[in-house]
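Peer 1: The whole structure should be built from the sequences, with the hints applied where relevant.
So the sequence lines, in the order shown, correspond to chains A and B.
Residues 1 to 114 in my numbering are what the first sequence lists, from first letter to last.
Residues 1 to 251 in my numbering are what the second sequence lists, from first letter to last.
Do not rely on the hints blindly, as some may be mistaken.
[Stated by the list, open to error] If you only want the chain A side, here are some residues facing chain B, beta carbon under 10 Å, derived:
id: 1; residue: LEU4
id: 2; residue: GLY48
id: 3; residue: PRO62
id: 4; residue: ASP69
id: 5; residue: LEU89
[Unchecked claim] A few chain A positions that, by computed beta-carbon distances, are all more than 10 Å from chain B:
id: 6; residue: LEU33
id: 7; residue: THR40
id: 8; residue: TYR41
id: 9; residue: ILE57
id: 10; residue: VAL72
[Unchecked claim] Which stretches of chain B does chain A cover? Using the computed rule of at least three CB atoms under 8 Å from a CB of chain A, they are:
id: 11; stretch: 46-57
id: 12; stretch: 121-135
id: 13; stretch: 196-203
id: 14; stretch: 233-240
Derived by calculation from the structure, the hints in this document are not laboratory data.
Here a beta-carbon is modelled for each residue, glycine too, at the ideal position from N, C-alpha and C.
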Amino acid sequence: MTALAYAVAGWLLLVGLAGIVRSRNLIQLVVCLSVCQSSTYVLLLAIGFRDGAAAPIRSGIPAGAELVDPVVQAMTLTDVVVEATVTALLLALAVRAHGRFGTLDPDELAPMRG
Amino acid sequence: MTRGGRLAIFAVGATGLAALLAWGFAGLPDFGTFDGRMGELISSIAVPERHATNVVTAVTLDFRGFDTLGEEFILFAAAVGVLALLRLARSEETVAADPDEMTPTAGSRSVARVSAALAGPAAVLAIYVILHGHLTPGGGFQGGVVLAAALLLVYLAGATIRHGRIKPINAMELGEGVGAAGFVAIAIGGLIFAASFLENFLPLGVSGDLLSAGTYMPLYIAVGLEVAGAVLVILGELLDQALLTSEEDGE
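Peer 2: Put into structure tokens, the structure is as follows:
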């Protein structure tokens, strides 16, 4: 049971990668990439968790109470921002690819290049 | 390469990756027993030294403040990149979107009315989340996204993206720039009024008060403006593309 959070993180990464490999649509591919990236949120938050500790907000709890790790939570915030930027740029590139080649299927894009 | 062949190769690689992950996770501390010295230290000094009850904010804006500066500029660069990619695309279009034409954006009346009703509360929530970032969960990043959502609700309620002489996209770009510049200005303020870059030079106040924790609130206001601006610029450009495409399909 204690390994569940780590298992979920690993599963999200693998299932997202499988989606990317199987994808026939660039938009869907970008969504699969965000599934991969969400595995890092689960992993970071799972690592910082402490049994019985409070959320890292020092109000309404006794002074000196144990808190879950705030550093990994701040890292997760950075992670979310980076994911948003990557998704935005990839979607813009997908729009460009559609405008240039008239298709969103990555399999059809490849031979056109070569 | 055929799809089947590619999937077979992926299956081999994925099995190997799964094994590596399992090996790596086995070496991590057991769930719930993390011994993070740095996190413990920051948790214990955030209130006494910075008067910020939200410890994550203390990490984001202070102990890792320099990283957050970089993070803000990643977002800024991404918005500029999307603008560059998509405006270039638009200049290639033979039919340019008429900037003075009124185009209703919502096809459904119920969507328009629900959006109109929700826009105000969403904006208030956004301001609340941004201003209380040093006290309770929230802050500029989260609040900025809610603020962008509030403005998108206005758009869904039937306003136009380019309405007469007022061009909200310019206001979004301005908000984005002001937010990014504001963060740097406050950081340099630390250099002028205190000893170092990003140092907290404003009075710390009483822990738990709205006006406390010094520069955290102005920094998060800057972040909120930057995030809301960047999200709106990116979504605005992508929506513009969608409108262009649907116009072409309609003709």
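Peer 1: Next step is simple, just say for each hint if it's right about the structure.
Peer 2: Here is what the structure says about each hint:
Interface hint status for A:LEU4: upheld, as the beta-carbon distance to the closest one in chain B is roughly 8 Å, under 10 Å. With its C-beta approaching chain B no nearer than about 6 Å, A:GLY48 sits inside the 10 Å limit, and its interface hint holds. At about 12 Å, the closest approach between the beta carbon of A:PRO62 and any beta carbon in chain B exceeds 10 Å, and the interface hint on this residue is violated. With 10 Å as the threshold, the beta carbon of A:ASP69 comes within range of chain B, its nearest partner Cβ sitting at about 4 Å, so the hint holds.
Using the Cβ-Cβ criterion of 10 Å, the hint placing A:LEU89 at the interface with chain B is satisfied: the shortest such distance is roughly 5 Å. Every Cβ of chain B is farther than 10 Å from the Cβ of A:LEU33; the closest lies at roughly 15 Å, confirming the non-interface assignment. Distance to chain B confirms A:THR40 as a non-interface residue, since its nearest Cβ pair spans about 12 Å, more than 10 Å. In this structure A:TYR41 is separated from chain B by more than 10 Å, as the shortest Cβ-Cβ distance comes to about 14 Å.
Listed as outside the interface, A:ILE57 is inconsistent with that label: its C-beta sits roughly 5 Å from the nearest C-beta of chain B, within the 10 Å cut-off. Chain B draws A:VAL72 into its interface by the beta-carbon criterion, the shortest separation being 7 Å against a cut-off of 10 Å. Three residues within the 8 Å Cβ limit are the bar, and the stretch 46-57 of chain B against chain A gives 6, so the coverage statement holds. Closer than 8 Å: that is the beta-carbon criterion, and the stretch 121-135 of chain B has 1 residues meeting it against chain A, so the requirement of 3 is violated.
Residue count for the stretch 196-203 of chain B with a Cβ under 8 Å from a Cβ of chain A: 0. That is fewer than the three needed, and the coverage hint is violated. Only when three residues or more bring their CB closer than 8 Å to a CB of chain A does the claim for the stretch 233-240 of chain B stand; here the count is 3, and the claim holds.
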